[in-house]
Amino acid sequence: LNAAPGRAPRQHVRFLPAPAGADGKETGLVATTVPVLADHPLVRGPRFRRLKIGAGHRLDVKASGVFVLGIGHGNKLLTDLYNCHLTKVYTVGGLFGKATDDFSDTGKLVEKTTFDHITREKLERILAVIQGTNHKALLMHSNIDMKTQEAYELAVKGLIRPMGKSPPIITAIRCLQFTLPQFQLEIHCLHETQQYLRKIVHEIGLELKSSAVCTQVRRIRDGVFTLDDALLRTQWDLQSIRNAIWNCQLKVKTELEKTLG
Amino acid sequence: AVPGPLRGALRGPPAALRRGLAKPAGPQSIRQLREADEAAPIFQYAGKAAKRKDRVFVWGFSYSGALGLPSPVRPDVGWKKPRRIQPTPFRLETQEKISSAACGYGFTLLSSRTTDITKVWGMGLNKDSQLGFQRSRRDRTKGYEYVLEPSPIPLPLEKPQQTRVLQVSCGRAHSLILTDSEGVFTMGNNSYGQCGRKVVEDETYSESYLIHQLKEFDSRVVQVVCGQDHSLFRTKKGEVYACGWGADGQTGLGHYNITSVPTKLRGDIDGVNIIQVSSYGDCCLAVSDEGDIFGWGNSEYLQLASVTETTQVNVPRHLPFRIGKIKEAACGGTGNVALTEEGNVFVWGYGILGKGPNLIETAVPEMIPPSLFGLSDFNPDIRVAHVRCGLSHFAALTNRGELFVWGKNLRGCLGTGRMEDQYFPWRV
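First to last, the sequence lines map onto chains A and B.
Number 172 in full-length UniProt numbering belongs to position 172 of the first sequence; there are no gaps in the numbering.
Number 51 in full-length UniProt numbering belongs to position 51 of the second sequence; there are no gaps in the numbering.
Where hints are given, some of them may not hold.
Using C-beta positions, here's what the derived DEER-type ranges look like [what the hints assert, rightly or not]:
1. L232/A x R91/B: 47 to 57 angstroms
2. E361/B x T133/A: 46 to 56 angstroms
3. M367/B x D229/A: 35 to 45 angstroms
Keep in mind that the hints were calculated from the coordinates and are not lab data.
Since this is a predicted model, take the numbers as computed values, not measurements.
Beta carbons are placed, not taken as given, at the ideal position from N, Cα and C, and that holds for glycine.
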């Protein structure tokens with residue numbers, strides 16, 4: 001980064017003695033713009049010695065997916081994005097038949113149960129119940145007076161959501177794949193932690209009179225950033241990072257303007 | 001056998017002094033985990049006949065006993081306070097699977113399609129014998145005025161072990177019970193002939209044993225509906241009969257007098273095959289098999305204002321709404337709702353109609369946006385399956401089995417858990 005051509009040195013106006021005339025008699029002052037010596041690279045040193053990097057929403061060790069980082073000025077944008085309270089989308093994989101102490105498949109086994117009675121229809125019924133109760137929580141925590149016309153209009157468009165602190169809320173959940181004993185869910189949520197999602201998988205197992213553990217948690221969207229914008233491990237170099245930042249700038253700006261006004 | 005006082009001494013030195021080897025708490029190897037996994041016993045929680053039982057949930061005002069829950073009215077423990085309102089749905093234990101339920105003004109009827117002797121249960125207000133005669137346990141000659149638990153209603157059936165009760169319906173102070181082979185039974189208040197029998201002057205309706213049976217219809221009756229003080233019967237051929245109070249024209253017979261014998265309606269529905277009738281207050285709606293809707297009765301709240309300016313309509317009139325083929329319609333006290341074949345919900349009338357606080361009254365049906373019922377890009381195939389009305393609130397049931405309510409929240413009738421009115425559909 002330091003090797004890249006930096007900003008051009010600042011110029012300022014100095015009154016310098018004019019170059020000597022033919023006979024050396026003129027000593028008037030002439031205004032010329034000269035580069036400021038303080039901006040000279042040998043005086044100033046390397047431009048970047050430290051970088052401020054901040055992280056967006058947390059992603060714990062056992063999960064994977066999109067993880068947003070902000071550099072420098074981006075940290076302020078991160079705070080603004082946090083205040084927008086946008087939803088995140090996860091793909092959660094689960095396995096029926098086991099229950100462990102930390103709800104994932106690497107934990108200590110607590111119990112094993114049968115799961116042959118589970119059908120996709122029963123799972124979808126449970127998911128509908130979860131979505132219903134969370135939808136009510138969404139409306140309750142959004143602190144909007146339900147009796148106003150604007151509350152009605154926001155509800156029609158589906159834009160009601162909590163704009164402050166709230167417990168984890170799932171805005172949408174659906175089953176992508178179902179082959180006994182494995183299943184995969186897509187969950188859209190707000191203010192959650194990955195351990196909360198694992199707990200949801202465990203509770204789904206309990207509701208279906210069996211047990212379930214979570215095998216995979218993968219974030220596929222975090223606000224405006226999707227998997228397509230994310231950089232792979234092999235792409236962690238300066239050029240890709242700069243391209244990624246450049247591509248996302250417009251999206252972030254429009255989203256912030258839309259939500260925070 | 002170890003004698004009592006010595007038994008404790010054989011347990012050994014206390015744990016602090018023992019030098020046993022504790023199990024290592026570090027992470028076990030994969031092989032040990034797999035062995036523990038395979039050795040673990042498998043539990044089965046789901047039983048063989050794990051079918052979902054149909055359940056009945058009640059909520060609302062509890063003091064009249066209409067909920068069938070005695071504990072909010074008379075708590076069984078002394079320190080518990082009586083609860084006037086049950087704000088969220090509460091499961092009601094029933095002996096049989098209930099197939100039909102109806103709410104009247106302060107009383108409820110539940111019926112099941114069983115061939116047992118007891119087919120209908122009632123609870124709530126019984127001051128006009130709308131629940132039949134409920135013999136009091138303290139005094140065998142008197143009856144109960146308030147019934148707090150679902151109590152069986154004895155019906156004078158000819159073949160009690162073959163006849164099935166198909167449907168029940170409740171009005172303000174009278175009730176109708178429809179059976180499959182023995183006609184319609186009516187009981188309760190008959191001061192306007194709504195029970196289908198001649199009005200007797202100064203009749204006392206409380207503690208009355210009288211249950212009237214109506215069998216004289218052209219074809220079999222398939223639906224009974226009670227309005228506030230009138231009754232409507234729909235037969236298999238698609239005809240509608242009415243009796244009872246008619247001052248608002250709700251009997252639809254062309255006059256404003258009371259009728260004590262069920263009489264066929266004419267007007268715009270003459271010759272039309274009606275597939276559904278609905279009424280609650282003093283307005284009535286009928287839906288034909290071609291998707292047309294007919295209305296008559298009270299129109300003070302603009303329910304029928306699309307065809308007439310008068311406030312009482314005593315002949316059924318066709319309502320020319322261009323909203324598509326109508327599948328189901330329901331009448332409330334002041335507002336009406338219609339459901340089309342595509343699954344859209346239209347409301348009109350007066351009151352909290354469900355489109356925010358700005359829409360108070362409209363004569364032309366307005367559609368409620370389907371996104372309020374959960375339709376989104378995520379769930380594109382959610383449709384409303386049934387709609388019902390109460391006095392000033394509405395309910396809609398979607399094809400995913402979710403219940404949405406909206407309207408005025410009188411004494412917790414919405415069941416949302418809050419006491420405020422709901423201006424747009426809210427999931428219960």
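Each hint, compared with the structure:
1. L232/A x R91/B: 47 to 57 angstroms: Hint holds: Cβ distance 53 angstroms, inside 47 to 57 angstroms.
2. E361/B x T133/A: 46 to 56 angstroms: 34 angstroms, violated
3. M367/B x D229/A: 35 to 45 angstroms: Given a distance of about 39 angstroms, which is inside 35 to 45 angstroms, the answer is holds.
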